[in-house]
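**Q** Could you build all of it, start to finish, from the sequences and the hints given here?
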Amino acid sequence: MSVEFDRKIHNTLADANLQLAIYTATARLKDKRSETVAPDALPDYQELRTQANAVKKHTIENLDYYLEQFERNVEAHGGKVVYAKDGTEVADFVLALAKEKGARRIVKSKSMTTEEVDLNERLEQQGLESVETDLGEYIIQLAHERPYHIVAPALHLTRYDVADLFTKWLNVPRETVIEKQTAIARAVLRQKFLAADIGISGANFLVAGSGAVVLVENEGNIRLTTSAPKIHIAIAGIEKMIPRAQDLAVFLKLLGRSGTGQLLTVYTSFLSGPRRGGEIDGPDEFYVVLLDNGRTRLLPDRGKRQSLYCIRCGACLNACPVYRKIGGHSFPWVYSGPIGAIITPQFMGVSHEPALPFASSLCGACSEVCPVKIDLPKVLLELRSDVKKAEARDHRGRMEKLAFRAFAWLMTHPRLYEMAGKLAAAVAPPDSGWIHSVPAPMNIGPLRAWLSQRDLPPAPARSFREMWRRR
Amino acid sequence: MSRDNILHRIRTALGRSAGQAVADPPPARIRIPDVDMEKRISTMFAAIEALAGKTHRAATPADARALVAAAIEGKSAVASNVLFLAECGIAGLSGVRSGIADREELRALCAAADVGITSADYALADTGSLVMISSPREARLVSLLPLAHIAVVPRDRILTGLDELFSILPNPAEATSSMVLITGPSRTADIEQILVRGVHGPGQITVVVVG
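Just so you know, the sequences run in chain order A and B. Take 2 as the starting number for the first sequence in the working numbering and just add one per residue. Take -6 as the starting number for the second sequence in the working numbering and just add one per residue.
Read the hints as simulated data drawn from the structure, not as lab findings. Treat the hints with caution; some may be incorrect.
For lysine to any residue, the following SDA-like pairs were computed, each having C-alpha atoms within a straight-line distance of at most 25 Å [to be verified]:
1. K86(A) <-> S(-5)(B)
2. K32(B) <-> S368(A)
3. K58(A) <-> E42(B)
4. K102(A) <-> S(-5)(B)
5. K32(B) <-> D41(A)
6. K326(A) <-> A182(B)
7. K390(A) <-> P163(B)
8. K389(A) <-> D376(A)
9. K231(A) <-> E42(B)
10. K33(A) <-> S35(B)
11. K326(A) <-> T5(B)
12. K81(A) <-> G12(B)
13. K81(A) <-> H1(B)
14. K181(A) <-> S35(B)
15. K33(A) <-> A39(B)
16. K193(A) <-> K47(B)
17. K33(A) <-> E42(B)
18. K193(A) <-> E97(B)
19. K58(A) <-> S160(B)
20. K169(A) <-> E185(B)
21. K58(A) <-> E97(B)
22. K47(B) <-> G262(A)
23. K193(A) <-> G196(B)
24. K231(A) <-> H1(B)
25. K68(B) <-> I185(A)
26. K32(B) <-> K326(A)
**A** Below, the structure is given as structure tokens:
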């Protein structure tokens, strides 16, 4: 485990206010989801999940075909498709376009994909203004932080934190009433929308058969980002593809419910190209940037490929007992929670944070709520195996291997096992927690970290084997 | 070039070759329930009201006109160019600007207006959604920039839900550059999970069903 990962986890656990904020927010989202997918509210929920999984599986297995179909359809409607292998290529494309058009002011709507490639920082370094317009993302941008949660980016901040940020950056009197804070953001961002040269969005779905970008939101900032400026650029991971608009009848029902417990989000936009002849408003130019950034690395492995089915609803975060304790910022990359634990090692390589796939109890709460039925615990196990194989290649983890070999040997020799049990019971003090008092020479190095998290119950007077013999 | 590299990597990983056909995707799952019109309207109204939207029934276009006139009294309003609003006499109400075809002019008006008045191409009963298809008559910003949005919808456009919408419009891209579903007023819960309406879009929504 990296020092950084360990430190962030301990800081989060020690912060009582933060613990309460995470617990409350995730509990609320979790409960709202449960209500809207309950059998009386949505009788065909399980069939919808099965269908969503089958459609995603088919699309990912034929991804090249659907990408090319998408590209043809976007172009038929007057838009343009660009492929980018990484963040540098995304930024280069936006910068070149901005230069060509004399554009300087950019409004952005929330997009995990652009967080992934640090787009704002890259654009701002080159003198462009790039403003986040989702309220939570705007607050996060002012705080120079990363989103805490896929659907609730500013979950860890209070109204007082927001008041401090607004006073510092917006030159407004201190305001702690949430409604009024929202009104301040509306007024500031409204001017940004009306002055912007370019709007940059992400995408929730790419519809191959329509050449369309589908976006869901509650605030209206995505509609403004994609309608007010003369240029709209959508930046999307290649895995966002679905074959047909009709598939949305399945995916939209699952996404709103799983993410926030809404039947549908307030706005669902289905955008296909620049405004057409006669349409009064809408962008004159429409670009879709299809981002790889490590995604194609997942495709060869049939077991782990399913990680690309994710529709970023965030339900697994709310369900996860680990996320709910260690929070979003403990995770080593922009994606947190169970989905972060399976895609970060695959996009960035397992060595990015080797402990990540192990930061799970494998309880399966994530896969139970996953609307596209990703088997997250299975992928985590495969990633653990990848980490161990990499360690073996580098001749690390020899002590662990030795310890497990000794354990296996003991477990396959019943008489020795019984003797060891008796010996342990004889030397153990009767109260629980005796393992903390193991002799100092044993309580060192990696063993100390292991022992500090574990307890044993008091040893029983008689072992199970003895009771069995005397029954 | 990244395009060819990325497509090549994908094909190699999946064991596919360029131009190779694909098996049919799983059949689309479309289930349209049989719901009569009165039931659709009551379900839709309940869904809209649950989101703090307002609902009205108008027996005739004249009733719709009277309802809208009362709602916008003392306020500035912009109406879209859709024929139905003209037929109801709503586009001609005093205080209502309509018939604007210039982008910049429409944008400035919508940004200053209290109320945006539109119709809707369809409405969805089970979620209480308005389906807005962008066209020369129905601009995007009328339902977005003003503080309040009023939609006046003929009753025969109320569909059961998403499944029926996508069976009528299997590919919305054929008809428009933008189809938007609006389900309740603009909202956020980004600060301390406290619900606030009217962030960037209208904080009030009123749906008038005519007929």
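**Q** The structure should be examined with respect to each hint, and the outcome stated for every one.
**A** Taking the hints in turn, this is what the structure says about them:
Proximity of K86(A) to S(-5)(B) is assessed by CA-CA distance (about 6 Å); at most 25 Å being required, the pair is judged to hold. For a cut-off of 25 Å, the pair hint linking K32(B) to S368(A) is broken: about 37 Å separates their Cα positions. Taken as a hint, the K58(A) and E42(B) pair is broken in the structure, with Cα atoms around 38 Å apart against an allowance of 25 Å. For a cut-off of 25 Å, the pair hint linking K102(A) to S(-5)(B) stands: about 23 Å separates their Cα positions.
Between K32(B) and D41(A), the direct Cα distance comes to roughly 18 Å. Compliance with the 25 Å bound is thereby established for this hinted pair. In summary, the hint linking K326(A) to A182(B) is supported, as the alpha carbons are separated by about 22 Å, within the 25 Å threshold. With a C-alpha separation of about 48 Å, the suggested pairing of K390(A) with P163(B) is violated against the 25 Å cut-off. Of the supplied pair hints, the one linking K389(A) and D376(A) holds, its CA atoms being roughly 21 Å apart against a limit of 25 Å.
Between the alpha carbons of K231(A) and E42(B) the distance comes to roughly 35 Å, so the proposed pair goes past 25 Å and is violated. For the hint linking K33(A) to S35(B), the alpha-carbon distance of about 23 Å falls within 25 Å, and the restraint holds. Pair hint K326(A) plus T5(B) does not hold up; C-alpha atoms about 41 Å apart against a cutoff of 25 Å. This hinted pair checks out: K81(A) and G12(B) have alpha carbons roughly 21 Å apart, not beyond 25 Å.
Between K81(A) and H1(B), the direct Cα distance comes to roughly 20 Å. Compliance with the 25 Å bound is thereby established for this hinted pair. A C-alpha spacing of about 35 Å is found between K181(A) and S35(B), which places the hinted pair above 25 Å, so the restraint is violated. With a C-alpha separation of about 18 Å, the suggested pair K33(A) and A39(B) falls inside the 25 Å cut-off, and the hint holds. Between K193(A) and K47(B) the alpha-carbon distance is near 30 Å, which puts this suggested pair outside the 25 Å criterion.
As the CA atoms of K33(A) and E42(B) are separated by approximately 18 Å, the hinted pair is consistent with the 25 Å bound. With a C-alpha separation of about 16 Å, the suggested pair K193(A) and E97(B) falls inside the 25 Å cut-off, and the hint holds. Proposed proximity of K58(A) and S160(B) is supported: the alpha carbons are some 23 Å apart, at most 25 Å. At roughly 20 Å between alpha-carbon atoms, K169(A) and E185(B) fall within 25 Å of each other, so this suggested pair holds.
The suggested pairing of K58(A) with E97(B) is violated, with an alpha-carbon distance near 45 Å, which exceeds 25 Å. With a CA separation close to 21 Å, the supplied pair K47(B) and G262(A) stays within the 25 Å bound. Pair hint K193(A) plus G196(B) holds up; C-alpha atoms about 19 Å apart against a cutoff of 25 Å. Restraint check for K231(A) and H1(B): the C-alpha separation of about 34 Å exceeds 25 Å, so the hint is violated.
Restraint check for K68(B) and I185(A): satisfied, since their Cα atoms lie roughly 22 Å apart, inside the 25 Å limit. Restraint check for K32(B) and K326(A): not satisfied, since their Cα atoms lie roughly 46 Å apart, outside the 25 Å limit.
Checked against the numbered hints above, the structure violates hints 2, 3, 7, 9, 11, 14, 16, 21, 24 and 26; every other hint is satisfied.
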